[in-house]
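Colleague: So the sequences go chain by chain: X and U.
With the numbering used here as the guide, the letters of the first sequence map in order to residues 1 to 269.
With the numbering used here as the guide, the letters of the second sequence map in order to residues 270 to 584.
I should point out that these hints are in silico values taken from the structure, not numbers from a laboratory.
Some clues are possibly wrong.
Label-pair restraints from in silico Cβ distances [unchecked claim]:
#	chain 1	residue 1	chain 2	residue 2	range
1	X	R53	U	A514	34 to 44 Å
2	X	G262	U	P438	44 to 54 Å
3	U	A444	X	D267	38 to 48 Å
Please read all numbers here as calculations on a predicted model, not as lab measurements.
Glycine included, every Cβ here is placed at the ideal spot set by N, Cα and C.
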Amino acid sequence: MIRASRPDWHGHLLLIHHTEQERRAGVATWVRCGLELGEKVLYIEPAAQPAARSLLNVLAEQQVVLDGATARGQLQILRADHDLYTTDGLVDQIDDALAQGYRGVRLSAEAPTARELLSGRAHQDLEWATDLLCRTRPVSILCQYSADLARKALPEVSAMHGDGVRETLLQTARLPGGIIVRGEVDVSNHDVLHWALQAATLGAADSFVVDLSQLEFLDVSGARALLEATKSYRHSGGRVRLRKPQHLVHRVLELCRVDEAGGLMVDQS
Amino acid sequence: MTALAAHESGRDVFSHDLLLHDSDLALVQGTRAFVQEGLGSGGSVLVHSTESQVAMLHRALGSHPRLTYGLDQDLYQSPIATLFHYQRVLEDSSGSTALWATGTVPLGEQRAAQDAWARYESLVNEALGPYAFHGLCTYDTRVLPAHVIAAAKATHPHMDTGGERRPSPDYQHPAGFLATPLAGAPRPPSAAPTLVMNLLGVRDLVQGRHHLRRVMESSAVPSPVVGDLLTATNEVLTNGLRHGAPPVRLEVWVQPAKVTCRVTDRGSGIGDPLSGYRYAEPPGPMGLRAARHLCGEILISNPPGGGCSVVLTAP
Chain X
1 MIRASRPDWH GHLLLIHHTE QERRAGVATW VRCGLELGEK VLYIEPAAQP AARSLLNVLA
61 EQQVVLDGAT ARGQLQILRA DHDLYTTDGL VDQIDDALAQ GYRGVRLSAE APTARELLSG
121 RAHQDLEWAT DLLCRTRPVS ILCQYSADLA RKALPEVSAM HGDGVRETLL QTARLPGGII
181 VRGEVDVSNH DVLHWALQAA TLGAADSFVV DLSQLEFLDV SGARALLEAT KSYRHSGGRV
241 RLRKPQHLVH RVLELCRVDE AGGLMVDQS
Chain U
270 MTALAAHESG RDVFSHDLLL HDSDLALVQG TRAFVQEGLG SGGSVLVHST ESQVAMLHRA
330 LGSHPRLTYG LDQDLYQSPI ATLFHYQRVL EDSSGSTALW ATGTVPLGEQ RAAQDAWARY
390 ESLVNEALGP YAFHGLCTYD TRVLPAHVIA AAKATHPHMD TGGERRPSPD YQHPAGFLAT
450 PLAGAPRPPS AAPTLVMNLL GVRDLVQGRH HLRRVMESSA VPSPVVGDLL TATNEVLTNG
510 LRHGAPPVRL EVWVQPAKVT CRVTDRGSGI GDPLSGYRYA EPPGPMGLRA ARHLCGEILI
570 SNPPGGGCSV VLTAP
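The following block holds chain U by itself, in its conformation from the complex:
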């Protein structure tokens, strides 16, 4: 296939498509078309999945100097790390070669992990949107639960059906998707928080850190994870104190295997709940971005009554 043909397929610089399949044959056919289009347009192509599925696709698709096969266990360890890794690769290549990636994200058995990967799929559109990136995400309708398929339809702007691309009618913008029940965004426990503290100025940050460190000692969360949450929470508190309206409230829920922090202020809020996902050149405005790197994921919401609420969790 030629670059002209790629253009004829109607792709923009960025595309993120969904392929729902109910047979291995359909998976191979859909993947082959995508890989050929990528190679034909001069791009680098990555096929990733589980070991057995990669082996099957390798047999079917063969080899090419610009075609690589990767395993999810190496490439897709956690949603946000994977997202920022792709972003970094694309940023560093500065658009010289388009990256075409196809495969299935490692959804796992647990609902929480499946939801986290659904949010990843949605955030791909925000974080990788500015780059020459094309994704074809393959979902096997024979084995995947209905909520996973519904989320996939809501997180991919296009669907590939019978070799044709068409806009997904269920697609939602990431900011909208994250607020839906389908996204399963982490929420603080309903119990009373372990710690509540109001910070009035940046000189209160040290007290906030010390109290947070102290209450987290009673959890079994490993200390590097606790350290990352401490640094991330400090950045969010800093953001609230500098750009929000004090007092900035810190609430912490310590559970045996999980720590949740919520930071709220009465300011006009962080206008964009997706702040910190777009690439920023260090040492630029890094605070929220660093928090997202450190904490895996943080959820920003601007409640209707005003103010801003940010939820961070570890692990």
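Extracted from the complex, chain X is given alone in its bound form:
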């Protein structure tokens, strides 16, 4: 089951943070969103989490109003261990929460928390399993990767988090038959766009929409990412429609002759 278009901060998301401040702001928004929706929020921390980095400290600093969420169990901190970090361990936690009557469950952790317990391969397998969970249960998962860590394996990491990327300048989200790209793309993050697109077109039908209506800036490297990331999809017969680019973005698409590439059209309506 593939869900229809969902608002921000839902599904299996990749948070790429360049600074601790960005990480904290992203986590706070994600938690606030879950609490407001009446979802159960599960947050995994390592056993030896420094107090300053702990979720409760971050939420206090970011002025997230908890309103008794911890006391009534809506927000729960889980300690990372080998039992929890398995597909079964996570499914148990999720099913418990759903049995308690929550309409949805969200789960987040920093990638290094898992990396301390699991091999790289086991962590990858778990990411794929949780990606499936996000499609088969009312579950949202936010995986926090530092930019350095994400860039070490951007192709795989992007593919595992099909619901979208949250990066300093760039956000993506799944759409029926495509993807929406928001924010700004320049040489600092064009690779994030590239791999998000490559991953999204991998299982796409024979047409794919890239909604650019909320993209405010695109540089030449970003235009190149739009072309190259969709190249194999287009070469195997797929058609890409770049929808509603803003004026500034459209100028760059024209300059780079993106609209002349085979299997690609720019749709301004």
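Given the structure of chain X, go ahead and fit chain U onto it with the hints provided.
Modeller: The following block gives chain U in isolation, referenced to the frame of chain X:
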């Protein structure tokens, strides 16, 4: 005239000649010889100029299936757009038919516009040099100011005099010409800049764009032009951060009807000040080329003390 005769005239694959004339008769004679040589060698020929001059030449030269007449108001709207348009046409035709173009660029009344077209004439040699292109640029010495004629002599490798082609003794390579006072290259105002910012890495680009956008709000430059300058400046900053040596400095001068940006870095500089004028197949190395498309013109210089300085202006 035959292809053999064209060869006998000593032209290379590319030629860019100057015809100075002081009468309509001399203009018609020079243009006729060029048009006949072009048609005789199998090329497509374009005669362009103002409406009245085109009408006169049409009457004198008549019609031919491979001869077209065009108006400067349609074909020569801005120097860099015209240059890239010719380049695109030549690239797309992939040398199947040589293009022969003759006429006078629309110099206008203002010195700034005349200088911009002089730089265009110089850049033709760089941007169109690899193609089967032949230009004969006609300049009327009765009406054109001395600096325009001097620039024309410096920007055309050959001159046509009395029906003969000979190398122009005053010709300068485009990189050299652009640095001469005759080129009138745009410079930043002498006043203190409105904005100064140092960028240390590519993650500072977003701040650079946001500050640039903010300071440009106080100018009356139309927003599409401002947008193009923003994108172009971003490409030049990117180039400096990737290939130069940080910090890359952005200075912006905002005037009521004009915005000037200067980007400098301490690296070894862009080796060729003409980077981005030669054709590059998208999505190849497009950054500087895109900046030139967007901004009309950008001036790259490598000061003697090292480093690289790029000036962009809008409009």
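Colleague: A separate judgement is required for each hint: does it hold in the structure or not?
Modeller: For each hint, the structure was consulted:
| no. | hint | in the structure |
| --- | --- | --- |
| 1 | X/R53 <-> U/A514: 34 to 44 Å | holds (36 Å) |
| 2 | X/G262 <-> U/P438: 44 to 54 Å | holds (50 Å) |
| 3 | U/A444 <-> X/D267: 38 to 48 Å | holds (42 Å) |
Figure legend: structure checked against the earlier numbered hints; every hint is met.
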